[in-house]
Structures are given as C-alpha cells and as structure tokens.
Amino acid sequence: MKILIVEDEQKTGDYLKQGLTEAGFQVDLAREGVDGLHFALTENYDLAILDVMLPGIDGFGILAGIRRAGKDMPIMFLTARDAVDDRVKGLELGADDYLLKPFAFSELLARVRTLLRRGGKAPSDPFFRAADLELDLLRRRVTRAGQRIDLTAKEFALLELMLRRQGEVLPRSLIASQVWDMNFDSDTNVIEVAVRRLRAKVDDAFSPKLIHTVRGMGYVLECHD
Amino acid sequence: MSSKISITRRVTLLFAAASSVVLLVLGFVVATAVEHHFEHQDVELLKSKVALARDTLASLKSPGDLALLVQLLEISLASDLDSQMLIVGFNKSVLFSNGDVHFPLVEVFDSAQKRPLQPMVWKMSNQNYRVITMVLPTGISSASRVAVAVATSIAHHEAFMRSFLYTLWLFVAGAAGLTGLLGWAAARRGLAPLRAMRQQAQVVTAQQLSHRLAVDSVPIELAELAQSLNDMLARLEEAFRRLSDFSCDIAHELRTPVTNLMTQTQVVLSKPRDVEAYRDILASNADELERMSRMISDMLLLAKAENGLVVPNRETLHLADEVRLLFDFYEAVAEEKGIQLATEGDATVGADRLMLRRALANLLSNGIRHADVNSTVQVRLDDASEAVTISVENSGETIAAEHLERIFDRFFRVDPSRRHSSEGNGLGLAITKSIVLAHGGTIDAASSGLATRFTIRIPHHHTDLT
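Chain order of the listed sequences is U and F.
The letter at position 127 of the first sequence is residue 127 when you use the numbering used here, and the numbering goes up by one with no holes.
The letter at position 100 of the second sequence is residue 100 when you use the numbering used here, and the numbering goes up by one with no holes.
Hints in this document: simulated from the structure, not taken from any laboratory.
Listed next, the in silico DSS-like pairs over lysine-lysine satisfying Cα-Cα at most 27 Å (straight line):
no.: 1; chain 1: U; residue 1: 154; chain 2: F; residue 2: 337
no.: 2; chain 1: U; residue 1: 101; chain 2: F; residue 2: 304
no.: 3; chain 1: F; residue 1: 92; chain 2: F; residue 2: 61
no.: 4; chain 1: F; residue 1: 271; chain 2: U; residue 2: 11
Listed next, the stretches of chain F that the computed footprint assigns to chain U, with coverage defined by at least 3 CB atoms under 8 Å from CB atoms of chain U:
no.: 5; segment: 278-289
no.: 6; segment: 326-338
no.: 7; segment: 351-360
Far from chain U by the CB rule (all over 12 Å, computed), these chain F residues:
no.: 8; residue: 4
no.: 9; residue: 19
no.: 10; residue: 159
no.: 11; residue: 178
no.: 12; residue: 373
no.: 13; residue: 401
Bear in mind that the values here come from a model prediction, so they are computed numbers and not experimental data.
No residue lacks a Cβ here, since even glycine has one placed at the ideal position from N, Cα and C.
With the hints as constraints, model all of the structure from the sequences given.
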C-alpha cells in the first residue's frame with residue numbers, strides 16, 4: 001500500500017513517514033503543495049494525507065487538482081484549523097476524512113487503515129477467529145476453546161471490532177466512536193473498564209492471552225505465538 | 001458641512017453670524033426710520049411752502065400784481081436758502097423762480113397734474129432734491145392756473161445717512177468679532193467637561209481598564225455619554241479579563257504536565273537503562289501528552305464558544321434515547337462502583353446531537369465520579385411547553401455554596417489536590433455550560449442534603465447565539 005504525505009512541518013512530516021513506514025506502508029513525503037500535487041498526479045497512491053495549510057498550493061488546492069485529474073484515492077486532511085466551514089469545504093470537495101491537530105498517531109493509523117479498507121473488499125465472512133476464540137456474527141455467539149462466553153451487546157460489539165481489526169492497535173477514541181458512537185474525547189477510563197471486563201470474560205481463564213494493552217497507544221487483539 | 005469642524009469653532013462662528021444678523025436687521029430698521037423721519041420733515045417743509053404760494057397766488061387780482069408776487073415770495077423765502085420754488089404759467093412763462101436750480105418744466109407740469117403733493121426725488125443741477133408739485137389757482141383771470149414746484153436739497157440728509165451706514169457697518173463687524181470671541185470663550189468654558197473627560201479617557205490603557213469616567217461630576221448632557229462609555233469599558237474589561245485569564249489558565253495548567261514530562265524524560269536519559277525502562281517512560285509520556293492534547297482541544301472549543309463561534313447544528317433529539325445510549329457507555333464504570341443509572345420521563349428537543357451528547361456525558365461522568373458507592377444517579381427529563389429540562393442528580397457529599405457558584409469555571413475543582421488526577425481535566429462542566437449556552441439554554445447546579453443536582457433547561461423556541 002502506497003501513501004502520499006504532504007506536510008510542511010518538518011518533524012511532523014518525518015515522524016508520520018517513519019510511523020507509517022514502520023506500520024508497513026510505502027510512504028512518499030512532500031513538503032510543499034506544488035511538489036505534493038506533482039507526486040499525486042505522476043505516481044499511483046492508495047491514500048493521500050494532506051496538511052491543509054501549505055506553502056504554494058494548500059490542501060484544498062491539491063485535493064481539487066487530484067480530483068480534476070480523475071484520481072479517486074481516499075484523501076485525509078490534517079488541519080489545525082477546526083472551523084466548521086473548513087470541514088464542510090473539505091468534505092464537499094471530496095476529502096474522505098480529516099484529523100484535527102494535535103492528534104494521536106494511533107488515531108491516524110487506525111483511520112488510515114479504515115480508509116484503505118473502505119476502498120477494498122468488504123469481508124463478508126460472518127466468522128471471526130483468533131487462536132481458539134471464535135465469534136459468529138449471525139448467531140451472535142462467542143466461544144473460546146469451545147466454551148460458550150456470554151457477552152453484553154456492547155462487549156460483543158467491542159470484541160467484534162477488535163477481531164475485525166486484529167493486529168491493529170486501536171486507540172481508545174476510536175473504540176468509543178465505533179462501539180458507543182461517542183465521537184468526542186470522553187473519559188478514557190470508560191474504555192479501560194470495558195476492555196478489562198471483556199478481558200475477564202475472554203482472556204482470564206484462557207491461554208494464550210489475546211487482548212493486549214499497548215501503553216500510550218490503545219488496545220490490540222492479536223495472537224502472540 | 002463637514003462634521004469635522006471643532007465644536008469651539010462652530011460655536012464661535014454661530015455666535016458671530018447670529019449677532020451680525022441681529023445687528024444688521026436692527027441697523028436696517030433704524031436707517032429706514034431715520035429716512036422716513038427726514039422725508040416727513042422735508043415734506044412738511046415743502047407743504048408749508050406750497051401753502052405760502054397758494055395764499056400769495058390767491059391774493060393776486062390782476063396781471064399787474066405779478067411783480068408783487070415775486071416781491072412777496074422773495075421776502076418769504078429769503079430766510080430759507082435750501083428751498084427752491086418755481087411757479088410757471090400754463091403758457092410756460094416762468095412767473096417766479098428763486099435760486100439757480102433749473103426745474104425740468106415738462107416733468108413739473110406732468111407731475112403737478114397727475115401726482116399733486118406727492119414727494120419725489122429729482123436730480124437737478126447735480127444735486128438731489130425732494131420735490132412736490134401742484135396746480136394752484138390765481139386771482140388773475142387771464143392766468144387762472146399755474147404749476148408750482150417746491151424743492152429742497154437733501155444733500156445733507158444723504159451725507160448723514162452715508163456716515164450713519166458706515167458707522168453701522170463698522171459697528172456690526174466689530175460686534176460680530178467681539179461676540180465671536182465671547183462665543184469662543186463660552187464654548188471653551190462650556191466644553192471644559194469634555195476636555196476633562198478626554199483626559200480621564202487617556203488614562204485608560206490595556207493595563208488600566210478598570211478606570212472609569214466620573215459620571216457624577218459631568219453635566220447631565222454628558223452623563224449619558226460617560227455612562228455609555230463606562231459600560232463599553234466594562235464590557236471591554238470583561239472580555240480582556242477573560243482573554244488574559246484564558247492565557248493564564250493554559251500556561252498554568254500546562255506547566256505541571258510539561259514539568260513532569262521534562263523531568264521524567266531527562267532523568268531517564270541521565271543514565272543508560274534497559275529497553276523496558278525506555279518503553280515505560282515513552283508510554284507514560286504518551287499518556288501525559290494525550291491528556292495535554294485533549295486539554296488543548298477542549299480549551300479551543302471553549303474559546304470558540306466564548307466568541308460565539310459554536311453554532312449548534314440542530315436536529316430533533318429524543319432525549320430518552322440519548323440518555324439510554326449514554327447509560328450504555330457508562331454502565332460498566334458505574335457498575336464497578338455499584339452505582340445504578342436510572343432515568344425517568346422523556347422529552348424531545350431540537351439540538352445538536354454531538355454537542356448535547358457531550359454535555360450530558362460530562363454531567364453523567366461527573367455524577368458517577370462523585371456519587372456515593374451503591375447509590376443511584378438519577379436523570380430526569382421533562383418536556384414543558386416552553387422548554388425541556390434535563391436534570392442529573394447524584395447523592396454524595398454536598399458541595400459548599402461558594403464552590404457551587406464557581407463549579408462551571410474552567411479548571412475549577414472543588415478539591416484542588418485532585419488536579420492532574422486521571423479524573424478529567426477540569427473542563428467538563430465548563431464545556432457543558434458553553435454547549436448549553438450555545439443552545440440558548442441555562443444550566444445551574446444545586447447541592448444540599450447530600451445530593452447534588454445539575455439542571456439544564458433548553459427552550460423550544462430558541463435564538464441561537466451567533
């Protein structure tokens with residue numbers, strides 16, 4: 001997967017590039033609007049991350065240029081300006097998502113993966129599996145090592161999210177938004193408690209442990225073999 | 001006229017103009033009266049001469065008496081050098097004429113017949129004369145009617161009027177100047193309070209916004225202006241104070257976490273450690289940084305709200321559904337403390353879903369945090385005709401009145417030692433309040449008898465603060 005980043009702030013650009021590269025993406029970094037648009041039009045990217053405020057052509061300009069050229073890869077804005085009209089403008093012009101600075105890298109990564117998945121195939125398989133944990137979406141059943149586990153509706157939704165995005169670190173804000181539809185920075189300890197309770201049901205009596213806390217980032221469900 | 005002319009100059013000019021007009025009118029009236037008086041005097045004199053001529057002419061009996069006429073009149077007119085008389089027969093023979101003035105005979109006959117005894121001004125022998133003419137009978141049958149013209153020089157009257165008008169003009173000009181000067185002095189004196197106000201206003205600077213204009217010591221006309229200016233200053237001071245509080249708050253609230261981050265990082269860097277230690281410190285830094293980042297977002301939201309930039313995107317919300325959703329979210333946390341979440345009533349309101357959810361989440365999270373173990377956090381919804389009310393009540397330690405009134409302030413915590421604990425950043429209730437205000441609603445807090453209740457009231461008919 002190839003990602004274009006257009007970001008004029010030196011450190012932000014470097015860290016984004018490093019972070020996304022380490023997450024397994026192929027990353028090009030442009031520091032100016034003109035270069036960015038040139039990259040976007042001459043190479044093929046799966047996703048573009050654009051700072052709104054840029055020297056030369058700004059993010060809106062690049063986006064318009066990309067769309068004019070008939071390219072339809074998902075585009076994410078990074079902006080320090082959180083005026084409502086900017087959001088509207090960005091979304092009207094065809095941006096797929098935006099993040100307000102300051103943002104957490106884990107949040108960015110999670111959103112990048114969401115956007116990339118959106119374009120690809122929708123997994124129609126109603127079964128999710130990790131080690132001996134199984135989740136049946138149709139029958140709304142969860143078993144571990146063959147044993148039935150009773151979950152509340154929200155616990156089920158949380159586990160489904162973590163299984164769908166196995167191996168990805170999910171920031172708390174993403175979990176709050178996906179499971180409870182709380183699209184603002186809410187008490188993080190609510191998520192902590194919810195994850196702890198899920199873990200008690202799914203992980204405590206079993207081995208190997210599947211749900212892990214990545215300190216400072218969020219939670220991840222994966223099978224450490 | 002441009003409104004930039006100073007009031008002093010304006011008053012001075014108005015004074016001078018007004019007094020000039022008054023004096024000019026007065027001068028005109030006086031001059032007219034004097035002229036009339038002169039004319040009247042002249043006419044009386046001329047009429048007496050005509051009467052003399054009439055008497056004398058009537059006493060004539062035969063043409064031979066004409067020589068007598070000349071003699072009689074010359075004697076009668078000798079004392080009066082200014083008066084001229086002409087008596088002409090209808091055969092154009094001059095019967096009498098004294099002095100050296102040449103009367104125009106045609107006009108004499110003409111006016112004597114058409115305008116007897118009417119005063120006229122004729123220019124004769126390079127001088128102006130007031131003249132009256134008349135046709136008179138004589139005692140002589142062969143020349144029974146004669147034309148008489150009597151004239152008197154008005155040169156000295158004219159000279160007098162010229163000098164009178166000259167004096168008048170001089171006087172008007174002088175008086176205009178003088179009243180202008182007086183007007184200037186009066187305006188300066190009258191405007192002294194304005195200058196005093198200006199001096200007071202000059203004291204006001206960004207550092208001295210608390211200064212006010214003295215309303216009591218200025219004239220009533222200016223008191224209202226001073227009051228308005230004071231009100232403006234008060235608003236400015238309030239806005240300025242909020243702004244500076246805001247920067248102060250940010251600096252203050254960020255100082256501690258930044259110090260922590262710096263110390264922690266530098267201590268760890270001071271000697272080599274194993275990978276696990278580095279991972280720990282980075283993770284802890286990330287947590288702290290995330291908190292700071294959240295605080296920055298919250299502060300920005302509050303700043304926007306204070307400037308009226310938060311505009312609710314209204315849709316119809318069923319509050320009972322919203323509350324249930326929030327209960328879902330907080331259920332686990334509440335359960336851990338043995339707290340029940342209960343709701344009663346329902347209400348429908350036009351509000352911004354995300355914003356209202358956030359406001360309620362803050363109240364609920366606050367309620368759960370401060371509720372006694374094994375108690376109930378009760379949400380009540382009420383839909384009245386004018387407004388909906390949403391109250392969130394928890395049992396727990398009563399909040400003192402002096403704390404209660406500050407509870408919606410940024411960073412206010414009842415217990416200052418709780419600062420920087422994991423329990424929120426002290427902005428939750430401030431954000432809730434700003435959201436409610438943006439919806440044109442009100443929020444208040446009440447605490448007594450080991451129960452604390454927050455009540456939001458959102459009117460159905462709203463005027464958004466924009």
